[in-house]
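Going down the list, the sequences are from chains A and B.
Residue numbers for the first sequence follow my numbering, so the first one is 1 and each next one is one higher.
Residue numbers for the second sequence follow my numbering, so the first one is 1 and each next one is one higher.
Just so you know, these hints were derived from the structure itself, not from any lab.
There could be a bad hint or two in this list.
[What the hints assert, rightly or not] Derived CB-CB ranges, DEER-like: (1) B:Asp417 <-> A:Gln77: 53 to 61 Å; (2) A:Ile298 <-> B:Ser226: 22 to 30 Å; (3) A:Ile192 <-> B:Ser265: 33 to 41 Å; (4) A:Ala400 <-> B:Ser226: 40 to 48 Å; (5) B:Val497 <-> A:Ile192: 27 to 35 Å; (6) A:Leu350 <-> B:Phe15: 30 to 38 Å.
Every residue, glycine too, gets a C-beta built ideally from N, C-alpha and C.
Below are the chains, spelled out letter by letter.
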Amino acid sequence: MKQSKKTPIALALLTFLTVLIAPAVAGDEIEIQIATKTDLFPIPNLVFAAQGFVIFLAVLMLVLAVWSFYLTFSKNQKTPLIATVVFGIAFVASVLVWLFAGATMTLTTLLAGSLALAVPLIFGSMSGALSERVGIINIAIEGQLLAGAFTSAVVASITDSVILGIIAAMLAGVLVAALLAVFSIKYLVDQIITGVVVNVLIIGLTSFLFSTLLADNITVLNQPPRFERISIPVLGQIPIIGPVLFNQTLIVYLMYVAVIGVFLALFKTRWGLRVRSVGEYPKASDTVGIKVFRTRYISVMIGGALAGLGGSFFTLGQVGAFGKEMTNGAGYIALAALIFGRWNPIYAALAALLFGFAQNLQYAVQIVGSPLPSEFLLMLPYVLTVIAVAGLVGKVRGPAAAGKPYIKS
Amino acid sequence: MRLELKQITKKFGDFTANDKIDLVAEAGQIHCLLGENGAGKSTLMNVLYGLYQADGGEILLDGQVQNFSGPGDAMAAGIGMVHQHFMLVPVFTVAENVILGHEPTKALGFLDIQAARERVREISSRFGFDIDPDAIVGDLSVGVQQRVEIIKALLGDAKVLIFDEPTAVLTPQETDELMGIMRQLRDEGKSIVFITHKLREVREVADKITVIRLGKVVGEASPTDSSEHLASMMVGREVDLSVHKNPANLGEASFKVNNLTAFNSAGSKVLDDVSFEIQKGEIFVIAGVQGNGQTELAEAILGIQERVTGSITLEGKELLGKSVKKVLDSGVGFVPEDRTEDGLVADFTIAENLMLDRSDRPPFARGVQLQLKKLHQFAEEKLKQFDIRAQSIFSKAKQLSGGNQQKVVLARELSRDLKVLVASQPTRGLDVGSIEFVHEQIVAARDGGIPVLIVATELDEATQLGDRVAVMYKGKIVGIVSPDTPREELGKLMAGVTK
Ligand SMILES: Nc1ncnc2c1ncn2[C@@H]1O[C@H](COP(=O)(O)OP(=O)(O)OP(=O)(O)O)[C@@H](O)[C@H]1O
Ligand SMILES: [Mg+2]
């Protein structure tokens, strides 16, 4: 079998792009601020000659691209993952230098912002993982996020408690997931169609309630309290890592737990083995006494709870109020992250972080003023998603029984 | 434990697959179930195992009526089953597959994979299997997968064990081992239901035989009855168990394999400088214990074997390096070893499966349009000709009995314009009546003047069908002999002994 030519070609194109960027890099220097006030020890700002740095990166990328060509065409070998990762970092760095040249880039702010934006994506992709691994295609992540966002805003406003807000959000997510599950498992409706219909339903429902109920009672129904930042002692003071990872809100900490929890549950526990067997070959699971339908319902609904929780981030974490269709396609990006992450919770979370980074870059660049039109920057996360899923994922296989209802005789 | 089935009836729509079947299996006995392809044997066993719900009748264990709502209940009641279609998750390891459903765990439901490995090793060594618990099942050959299925069934400590055609993919040696295991289990007092189409096995291990045809019990037979008698009871007519063929009418050698060498992904040689030529009008059989390179040879011809060197020519044209589609288009008929994996699309109808790789050309297509009428006509014809037992041509492939699936693959491959036919174990899982028919078809293809390459693991089939027999051992052809070579000599060759 021949090795796929995708990787070397993609690397070549991106290298070419960087070479194009290099002459356009304006400003002499780029200053990167790494330290924050709370750090345990101070780190001075890094200062680079912008153009020189981009040229250095371009050369590095060129070397990697040539190597990849050599491996693919002469040796018929795969390009090692590490090479692709280094290349990716170099490319992103060169774009960053180009965008921030002549200004100061605050590294921690950029990264912490990316993490925040990735929160709903990560929760969404966990929902996707639990659902698809058990054999149910989950297009309804969007609906689950939106339902969570809406419910948490209303409940937290009424009760003035974020905790009750997120509990309500999880319940709402479970309900939406249950809808998807019943139609897919019991009534054997096509799972993709069901997912889309569920999304349309939730968008319609929340928009309707928003304009009829919330709009007139903002103070009572749509002014929820917000998550507070909790800095974890010591950990929160480690340079870079501290401010980015451990000076966050409750929901972000819950997210860490969710990702690790879903990973362990799926791959290290009895429950997970059964879930995956049902997603691969439900009849085989049935023959060893595993309850296929029940396993499917439970896994999909736990996923719904996580996505609902993720939805509360929009209202209680980010905006501070519910807005019409405020999830804005995050559910679909979460699904893309899941596929990019090969249905593995850890990889999916990393992919979601990447997408969050792209989104945040767009905000950050708008602030320093960018050489690119803002419409183009708006496209960035989505373009990255398409490239990632279509270009880099290549031939991966999802769970074999995903999308196929199980019918007993 | 004494198993009794009373008046079991099972319908699929209007079709009655089991019609008031009575069956008693005593503890400490091996009970053989004989019947044609599609007779309803697997259906009956699936009802017993709780996988299907019966439409009538009852299941009794030691006189107690059982109500199984699913396989979980049947397992709890002490029933274990080796399924005809592997119930293995291909992406899981052997250990994961074996423990699925009753996993050893540590605290908090975490899997104890080490304990799982131990269990696999323990059972393997008890029955003389050699299986790596960490191997991914999808990478294993069908013979090894079959052993994994057997280990799975033995692990549960069942008192009633059902073996649904476990020997179809085993080598003769492995079959003997399995029959030894069955005797051992019988002597431990278990009741065993054994389904097979191979009459030699039935006569060797059965304590009791029940024959079913078209969903009904037609009677009991004794292991001392002759093969001919058993065969005619199954099929309902006289069956000729030997192959009839006229002397070969040989033409030029149009199919040539030269210096074929191949490596597997681990880098070891799986084909070692294999060369042979097959003349038009000749059946060339590759015999040998499975796993000695036959699979790789067939795959190399089809074009799905990586890392091969050498040449394979058909009428002077090189096949090696071409895509599968090109290979098939150039006139290669191919019957794969694993029909469910490579030969059929389970969710397609019989008609669609009969067309499959020819969906883009006449008579089935005109331009981009499918000629459905032509297809349906063709499918009806083949259904009759190959005696495929199905409700209609619109039944899905996965609803067919195992043997009937095999017939669909054969019907498709044999009804094309062929320049060479390559078939791996073409009669695997077929009943004696169908074997007779398939052998006739293969001989007819040969007499039609094409070279035929058959991979056979059954020595009888190899010597009866072949005009020449090549024996493979460790990726090499160790001898090409005439089919009337004495069995002992063939046996020696198969063990790699060359003078
Ligand atoms: N799920 C199903 N839906 C519809 N028809 C079915 C289904 N399963 C089996 N059948 C039909 O019931 C009949 C009996 O099938 P079964 O698998 O029991 O045969 P078998 O005796 O095991 O044959 P073989 O020796 O080929 O395995 C066949 O005609 C088959 O087409
Ligand atoms: Mg069967």
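Each hint, compared with the structure:
1. B:Asp417 <-> A:Gln77: 53 to 61 Å: violated, 40 Å
2. A:Ile298 <-> B:Ser226: 22 to 30 Å: The hinted range 22 to 30 Å is violated for Ile298 of chain A and Ser226 of chain B, with Cβ atoms some 56 Å apart.
3. A:Ile192 <-> B:Ser265: 33 to 41 Å: holds, 35 Å
4. A:Ala400 <-> B:Ser226: 40 to 48 Å: Given a distance of about 46 Å, which is inside 40 to 48 Å, the answer is holds.
5. B:Val497 <-> A:Ile192: 27 to 35 Å: violated, 59 Å
6. A:Leu350 <-> B:Phe15: 30 to 38 Å: violated, 52 Å
This entry does not satisfy hints 1, 2, 5, 6, going by the numbered hints stated previously.
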